[in-house]
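Asks: Sequence:
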Amino acid sequence: MRANTLRATLVALLVAAAVPTGTAAAAPTVQKILDRLAHDVATSGTGTIAAAERKIAEAKGLPDGQGLVTTRRVGGLKGELLVAAAPDDDNATKLKAYDRKGNTHELTTAHEPDQPLVLIDIDVEKAAKRGMDVIRQAMPTPQTGQLAGYWATQVTRVRVSDVQEPWFKGDAEIFALVSGFGLDGKVRVDPVTMPYLDEENTTYAPNQLLVHWNNYKYDLADVVMMEDDGDTNYKALAQALVAALLTIVDGGAYIPLVSAVLDAIPDSWYTDDPDYVESWYTLSEQGAGVVNGASGRGWMETRPYFVREL
Numbered sequence: 001m002r003a004n005t006l007r008a009t010l011v012a013l014l015v016a017a018a019v020p021t022g023t024a025a026a027a028p029t030v031q032k033i034l035d036r037l038a039h040d041v042a043t044s045g046t047g048t049i050a051a052a053e054r055k056i057a058e059a060k061g062l063p064d065g066q067g068l069v070t071t072r073r074v075g076g077l078k079g080e081l082l083v084a085a086a087p088d089d090d091n092a093t094k095l096k097a098y099d100r101k102g103n104t105h106e107l108t109t110a111h112e113p114d115q116p117l118v119l120i121d122i123d124v125e126k127a128a129k130r131g132m133d134v135i136r137q138a139m140p141t142p143q144t145g146q147l148a149g150y151w152a153t154q155v156t157r158v159r160v161s162d163v164q165e166p167w168f169k170g171d172a173e174i175f176a177l178v179s180g181f182g183l184d185g186k187v188r189v190d191p192v193t194m195p196y197l198d199e200e201n202t203t204y205a206p207n208q209l210l211v212h213w214n215n216y217k218y219d220l221a222d223v224v225m226m227e228d229d230g231d232t233n234y235k236a237l238a239q240a241l242v243a244a245l246l247t248i249v250d251g252g253a254y255i256p257l258v259s260a261v262l263d264a265i266p267d268s269w270y271t272d273d274p275d276y277v278e279s280w281y282t283l284s285e286q287g288a289g290v291v292n293g294a295s296g297r298g299w300m301e302t303r304p305y306f307v308r309e310l
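Heads up: the sequence shown at position 49 corresponds to 49 in the numbering used here, and the numbers run straight through without jumps.
Hints are computed from structural coordinates only; laboratory data are not their basis.
Keep in mind the model is a prediction, meaning the values are calculated, not measured.
Treat the hints with caution; some may be incorrect.
Unchecked claim - Only pairs whose alpha carbons sit at most 20 Å apart, straight line, appear in this in silico SDA-like list of lysine to any residue: (1) LYS217 to VAL307; (2) LYS235 to THR48; (3) LYS55 to LYS94; (4) LYS96 to GLU112; (5) LYS186 to VAL242; (6) LYS94 to LYS186.
Stated by the list, open to error - The calculated label-pair distances, taken between Cβ atoms and stated as ranges, are: (7) ALA110 to GLU80: 14 to 24 Å; (8) GLN66 to ASN207: 26 to 36 Å; (9) PRO116 to ALA27: 30 to 40 Å; (10) ALA50 to ASP99: 43 to 53 Å.
Ideal Cβ positions, reconstructed from N, Cα and C, are used throughout, including at glycine.
Let's have the full structure, built from the sequences with the hints guiding it.
Replies: Shown next as structure tokens:
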């Protein structure tokens, strides 16, 4: 019942947000901004990057766009230099590049080009870090336990599949949304960046603290792992999380939150926004060992870790 109510509430919110009102023109997407920037860089240099970054920050719901654009050179050494925006679709088969006269060239994505190519993309690591702050600020100020130290869940090893980006995109930026009931009985979400998760089917040993149990009422929490590889609007994501999770009332026992959140957000709402990677239900405070993800795409090895007060 709660999941159905949550789903209906969030779907209504997202549909309303997606329907244009009046005659105002739709704001440009990140992909359109990058494509225009690629044309400008090819024909007149890098002077328009700062202005493009401001537009990108607005499109991604971020307060600051400085340094969000990244460029990298790929391809061969011979031939005319081209400039292109990295496609926002991992499965794209073509990309549009520009030469110094502004002429367009269609390149295949099956392999890197023989001629030199400058790819313009988003620095998703910077974007994700700023986006986590946006999500934190959108959440109500939670109560926290005042203890002489507290227990946390430490990730000693982690491995996921299906995060490898094609050659025309940079590394994926993985982040986790840790959710549970705060000490005040209200649902809280703690975003955590995991920038080391660059390659699929690779085991990492980060020893990262993922869940801080002094913030939670129950000794159970859920984790949803997602990937930002371009157009994520963190302001909209934060608003969706607030609208969805804060409607759930503490009934005196822990309620898993993963399914309700994932079911509530339709895939079509995102363009190249956070791709679902994996989820873990009911991590426990004293849980230890390997825990497999619900979709079978990854696993984590965890252990309790006591954070001592200085």
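Asks: Next, verify each hint and record whether it holds.
Replies: Hints, verified against the model:
Note on LYS217 and VAL307: the hinted pairing holds, with a Cα-Cα distance of about 18 Å set against a maximum of 20 Å. Using a Cα cut-off of 20 Å, the hinted pair LYS235 and THR48 is violated, with the two alpha carbons roughly 25 Å apart. Pair hint LYS55 plus LYS94 does not hold up; C-alpha atoms about 25 Å apart against a cutoff of 20 Å. Simply put, LYS96 and GLU112 have alpha-carbon atoms about 13 Å apart, close enough for the 20 Å limit, and the pair holds.
About 11 Å separates the Cα atoms of LYS186 and VAL242, which keeps this hinted pair within 20 Å; it holds. This hinted pair does not check out: LYS94 and LYS186 have alpha carbons roughly 47 Å apart, beyond 20 Å. A hinted range of 14 to 24 Å holds for the C-beta pair ALA110 and GLU80, which are about 20 Å apart. In this structure the supplied range 26 to 36 Å holds for GLN66 paired with ASN207, their Cβ-Cβ distance being about 31 Å.
For PRO116 and ALA27, the Cβ-Cβ distance of about 33 Å falls inside the hinted range of 30 to 40 Å, so the restraint holds. Taking 43 to 53 Å as the suggested C-beta distance range, the pair ALA50 and ASP99 does not conform, at roughly 24 Å.
Hints 2, 3, 6, 10 from the earlier list are contradicted by this structure; the remaining hints agree with it.
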